[in-house]
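Trainee: So you can see what is in the structure, the chains are spelled out below.
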Amino acid sequence: MIPNNSMLSVDVEKRLGEFTIAVKFEAAGGATALFGPSGAGKSSLVGMIGGLLAPDRGRIALDDTVLFDSAARVNVPAHRRRIGTVFQEGRLFPHMTVARNLDYGRWMSGLPADPAGCERIVELLDIGALLTRRPGRLSGGERQRVAIGRALLMKPRLLLLDEPLASLDRARKLEILPYLARLRDEAKVPMIYVSHQAGEIQRLCSQVVRIEDGRVAASGGLELLDEAQV
Amino acid sequence: MFNLTPEEWTAVELSLRIAIVATLVSLPFGIAIAWLLARKDFWGKALLDGVVHLPLVLPPVVTGYLLLIAFGRKGALGSFLADIGIVFSFRWTGAALACGVMAFPLLVRAIRLSFESIDRRLEDAASTLGATGAWTFLTVTLPLALPGVIAGTVLAFAKALGEFGATITFVSNIPGETQTLSAAIYTLTQVPGGDAAAGRLVIIAIVIALAALIASEWFARRAGMRYHGD
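Top line first, the protein sequences correspond to chains A and B. Position one of the first sequence corresponds to residue 1 (the working numbering), numbered consecutively onward. Position one of the second sequence corresponds to residue 1001 (the working numbering), numbered consecutively onward.
Heads up, none of these hints are tricks.
Per label pair, the in silico range of CB-to-CB distance:
1) Val66/A <-> Lys1040/B: 27 to 33 Å
2) Leu111/A <-> Asp1119/B: 23 to 29 Å
3) Leu1210/B <-> Ala171/A: 48 to 54 Å
4) Arg137/A <-> Ala1211/B: 31 to 37 Å
5) Asp126/A <-> Ala1211/B: 47 to 53 Å
6) Asp1041/B <-> Arg73/A: 18 to 24 Å
7) Asp1119/B <-> Asp126/A: 24 to 30 Å
8) Lys1040/B <-> Ala99/A: 30 to 36 Å
9) Arg137/A <-> Pro1006/B: 51 to 57 Å
10) Ala171/A <-> Val1207/B: 52 to 58 Å
Computed far set for chain A versus chain B, every beta-carbon distance over 12 Å:
11) Val66
12) Leu168
13) Tyr179
14) Arg182
15) Gly199
16) Asp213
17) Arg215
Everything labelled a hint here was simulated from the structure, so no lab data went into it. Predicted model, so just to flag it, every value in this text is computed and none were measured. Idealized CB from N, CA, C, for every residue including glycine.
With the rest of the complex left out, here is chain A (with noise of 0.2 Å):
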């Protein structure tokens, strides 16, 4: 929202195999765009910033917290980075019911329950009647919705979207976006969208890093949609 109040900054380089990705971008509060094709690296820079994946070479930084900086050695573990992420394919844990997945996160970071701002976000997203359900038994919306409610209330400093919505049908991410939106105005986390589809990301961003070949072509505004081709 404001664009010298950077808050994400991230300078890092990886090979994998032949393919090397080196990405140089800043990301101010609000939500921002990593948008670009299939295969440009968006799901290694997600993987990069979650602390699922080392980089090869660089430096993350979130607000005045260093998360990986190869020539200070600094390289926070996941577990610690408090970067809710909601993966594709949502990856919900089987075994458990759906109101202990959205727990599991405040669980793990050792966060005192907190009642009201649990029945907030299920209000936000709409899955109180899903509670008492496992993840098997619901649909790919209902999912998704779920996924995003646990990575939200684990309280992250940022929320990480890997293509939340590429597995959905139309309708599906018709139902989904607006509460994207909800979330972005009302729970005011800073986000990280990753998506190829130029229509998720103007509907919920005002800014945009565009990937091609592991590198940033442009970053700017919406404006970036309309001279992509994709």
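We have chain A; now place chain B onto it with these hints.
Mentor: Frame of chain A; chain B shown alone:
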């Protein structure tokens, strides 16, 4: 038919005690080694894998003899352990050790397979939610591997219950101390008029084995149901 003599009851009770102790004591080691083999790359991994599987392919007499050399009163480990009050040779504890070693490959194989079949992306999801490696293992990996752990445990129990060659080589065939069901049956078939008693014990062996299989099937199905559906 089922009027077992006290000696026969002793053999049944001893067999159950030996098989249960062997299985329960080897279970944590089995889980640890299965996890190492499934998840870690380290120097000597092929060797560890080989050593674990050795009892499966060696003649049981050889395994028993090796145990005798290592854990006998004059054995390298045996004399050390005897000093701190742990004696294996010609004791039921030695029979449990032999049965545990013989059953270990079956235990490790089943658990390793179930670890390998777990979607590791769920473990990644757990770490982004704040779970350390140990918590991820306890709350995600192990519960999801439970059907395999149960199957391996029952298989190991059945193997321990019927083990003969290594046990008789290592701790001999002492009624009331190391004479298990198998050893008692063997002894009875070697004496004139022992057929009826041998037949009784054979039926008991079949009943125990069948009960174990049915129980494991039931546990595994229940565990499986929890993950797929409600």
